[in-house]
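S.K.: In order, the protein sequence lines correspond to chains A and B.
If you're matching positions, the first sequence starts at 0 in numbering that gives the first Met the number 0 and goes up one per residue.
If you're matching positions, the second sequence starts at 0 in numbering that gives the first Met the number 0 and goes up one per residue.
Simulated from the structure, these hints should not be mistaken for lab results.
Please note: incorrect hints may appear among the correct ones.
It does not matter which identical chain is used: a pair holds within one copy or between any two.
[Stated by the list, open to error] Computed cross-link-like contacts, BS3-like style, restricted to lysine-lysine with a CA-CA straight-line distance of at most 27 Å:
1. Lys138 to Lys86
2. Lys288 to Lys23
3. Lys245 to Lys112
4. Lys55 to Lys86
2 protein chains.
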Amino acid sequence: MSSSLPSRVTLVDVGPRDGLQNEKQAVAAAHKIELVQRLQQAGLREIEVTSFVSPKWVPQMADGAEVMAGIARPAGVRHSVLVPNMKGFEAALATRPDEIVVFGAASEAFSQKNINCSIAESIERFAPVTAAAREAGLKVRGAVSCAVACPYEGEIHPDRVELVVRLMKEIGVQHVGIADTIGVGTPRRVQAAMERALKHYPLAEVSGHFHDTYGQSLSNVYACLEMGIASFDASVAGLGGCPYAKGATGNVATEDVVFMLHGLGIETGIDLDALVDTAAWISGVLGRKPVSRVANAMLARRAAA
Amino acid sequence: MSSSLPSRVTLVDVGPRDGLQNEKQAVAAAHKIELVQRLQQAGLREIEVTSFVSPKWVPQMADGAEVMAGIARPAGVRHSVLVPNMKGFEAALATRPDEIVVFGAASEAFSQKNINCSIAESIERFAPVTAAAREAGLKVRGAVSCAVACPYEGEIHPDRVELVVRLMKEIGVQHVGIADTIGVGTPRRVQAAMERALKHYPLAEVSGHFHDTYGQSLSNVYACLEMGIASFDASVAGLGGCPYAKGATGNVATEDVVFMLHGLGIETGIDLDALVDTAAWISGVLGRKPVSRVANAMLARRAAA
Numbered sequence: 000m001s002s003s004l005p006s007r008v009t010l011v012d013v014g015p016r017d018g019l020q021n022e023k024q025a026v027a028a029a030h031k032i033e034l035v036q037r038l039q040q041a042g043l044r045e046i047e048v049t050s051f052v053s054p055k056w057v058p059q060m061a062d063g064a065e066v067m068a069g070i071a072r073p074a075g076v077r078h079s080v081l082v083p084n085m086k087g088f089e090a091a092l093a094t095r096p097d098e099i100v101v102f103g104a105a106s107e108a109f110s111q112k113n114i115n116c117s118i119a120e121s122i123e124r125f126a127p128v129t130a131a132a133r134e135a136g137l138k139v140r141g142a143v144s145c146a147v148a149c150p151y152e153g154e155i156h157p158d159r160v161e162l163v164v165r166l167m168k169e170i171g172v173q174h175v176g177i178a179d180t181i182g183v184g185t186p187r188r189v190q191a192a193m194e195r196a197l198k199h200y201p202l203a204e205v206s207g208h209f210h211d212t213y214g215q216s217l218s219n220v221y222a223c224l225e226m227g228i229a230s231f232d233a234s235v236a237g238l239g240g241c242p243y244a245k246g247a248t249g250n251v252a253t254e255d256v257v258f259m260l261h262g263l264g265i266e267t268g269i270d271l272d273a274l275v276d277t278a279a280w281i282s283g284v285l286g287r288k289p290v291s292r293v294a295n296a297m298l299a300r301r302a303a304a
Numbered sequence: 000m001s002s003s004l005p006s007r008v009t010l011v012d013v014g015p016r017d018g019l020q021n022e023k024q025a026v027a028a029a030h031k032i033e034l035v036q037r038l039q040q041a042g043l044r045e046i047e048v049t050s051f052v053s054p055k056w057v058p059q060m061a062d063g064a065e066v067m068a069g070i071a072r073p074a075g076v077r078h079s080v081l082v083p084n085m086k087g088f089e090a091a092l093a094t095r096p097d098e099i100v101v102f103g104a105a106s107e108a109f110s111q112k113n114i115n116c117s118i119a120e121s122i123e124r125f126a127p128v129t130a131a132a133r134e135a136g137l138k139v140r141g142a143v144s145c146a147v148a149c150p151y152e153g154e155i156h157p158d159r160v161e162l163v164v165r166l167m168k169e170i171g172v173q174h175v176g177i178a179d180t181i182g183v184g185t186p187r188r189v190q191a192a193m194e195r196a197l198k199h200y201p202l203a204e205v206s207g208h209f210h211d212t213y214g215q216s217l218s219n220v221y222a223c224l225e226m227g228i229a230s231f232d233a234s235v236a237g238l239g240g241c242p243y244a245k246g247a248t249g250n251v252a253t254e255d256v257v258f259m260l261h262g263l264g265i266e267t268g269i270d271l272d273a274l275v276d277t278a279a280w281i282s283g284v285l286g287r288k289p290v291s292r293v294a295n296a297m298l299a300r301r302a303a304a
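The following block holds chain A by itself, in its conformation from the complex:
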């Protein structure tokens, strides 16, 4: 209970990529560029900007090169992009990202349904991508999806998380993000998955990625903080839905995580008011309210004041 928590935490805003990719409504490149700009101004220092996936599969991200070209690239801000294969990597490389994100599932059924190959084949496919990225001086992050449960297989054993983490390590991936893709994880299950990642990666190179579909994400962040984990993905305004439960919520909202971290006395470098402004703005672009509890409460208080 009174274990010490990290004094500083890094948040990676994945709203421009994971968030907007899962919104029903298309967003113009100019709005995506403004979103990244606003996040930077609010103090975010790591942003997952876009992906270089076939527009046939992910039309929402077809403007990846335009977005990367349009954003300001201030010193100290790291921009990552998700790539599925060498073709995507080459397109990505031309836009000079700081990091690339590769991915693998801890569930065979999910790997098959999502990218039409086995887990082992997906990692093999990422081996040359990882090598080329490191050759080019880019950092490679690996996202391990379905690390707690799978929409097709149900609960996923930590052994299977460890297997993917180990395979990623073997091909040279430098950081692993453990993702509860469908948001059903609870603290002890998430900790069990994290423990397996920590067998192969140091604390500084393991992060958590939690969806708030069942409202559990902040508890999971807290449980990870107790393990010393100090990096988390989050999405401004809670952008992004859940493809496996239409109408449900997506990524944990960055504002909600920041509120908790600041309440715990943990530094983030993020200006919560500016972040809430950003949440209100992008939600306005999408024609709806933020999903974030913090954004809604703060906006309600502002309206009353």
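Use these hints to put chain B onto chain A, whose structure you have.
M.R.: For chain B alone, kept in the frame of chain A given last:
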């Protein structure tokens, strides 16, 4: 991190009282009676049914006697009612509740604005109520509001929580509920308040009452579980708003707590599917969606299936 958690947790559904009292829309007595009935059928064994406060102040609860008379009273289910003074207690007593709830704030400003007297005066007022309730064989629960922060004073020091807890103990209150009335609490602050309650009451007689205004409530429940606390208030469908941030959410949703507890392997005796049915039904009565993430995700999955 790996401290053991309680194996069983009791949830007190306060939706019929704290929830509906803070909804804009009035709810008919027949619907309140059905709500209590449905909660009992879903496995809730403690329900805060109504209050006996002047209808001038709380018109939503003016039908307290009618509701208490209309609900089934199966063995093993405990029904509590909130009372503000001897007059309220006498009205309550006639309806044969199992428990009464008295209250006090950890903030002077809140006490003055909410009930127009000092903290010390409020406790004095509850002394004869508590004595009379115990004489009548009823259990007395004390709710300590603003235990983390106050809408008028800001942050509340744990010393002040301890003061109210001690005063409640002195007048014979048998259980204290530590309430984060405005939902700004984060795990360590909540634990600091809880530690003070545990100086005066045993683990079994301390509970948590968290509002989800800023999305922090489940993390706070988890932090309390790590201390061994095994009783929490919650509100089906997340009923109840926040009078201090109009448009924001109210009590933590019972479904969300149940989902986390079951995920942690903790027994509650509650049937989550039946609880979600109840959340959908009462939300329909109110003409809106549940606030609960779990209810919305489970309803979305059902709709897709």
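S.K.: All the hints need checking, so say for each whether the structure fits it.
M.R.: Hints and how they fare:
For a Cα distance limit of 27 Å, the shortest separation of Lys138 from Lys86 inside one copy, 18 Å, qualifies, whereas the shortest one across copies, 70 Å, does not. For the identical chains of this complex, Lys288 and Lys23 are neighbours both inside a copy (14 Å) and across copies (20 Å), given an alpha-carbon limit of 27 Å. In this assembly of identical chains, the alpha carbons of Lys245 and Lys112 lie at most 27 Å apart only when taken from the same copy (18 Å versus 43 Å across copies). For the identical chains of this complex, Lys55 and Lys86 are intra-copy neighbours only, at 14 Å inside a copy versus 70 Å across copies, given an alpha-carbon limit of 27 Å.
Checked against the numbered hints above, the structure violates none of them.
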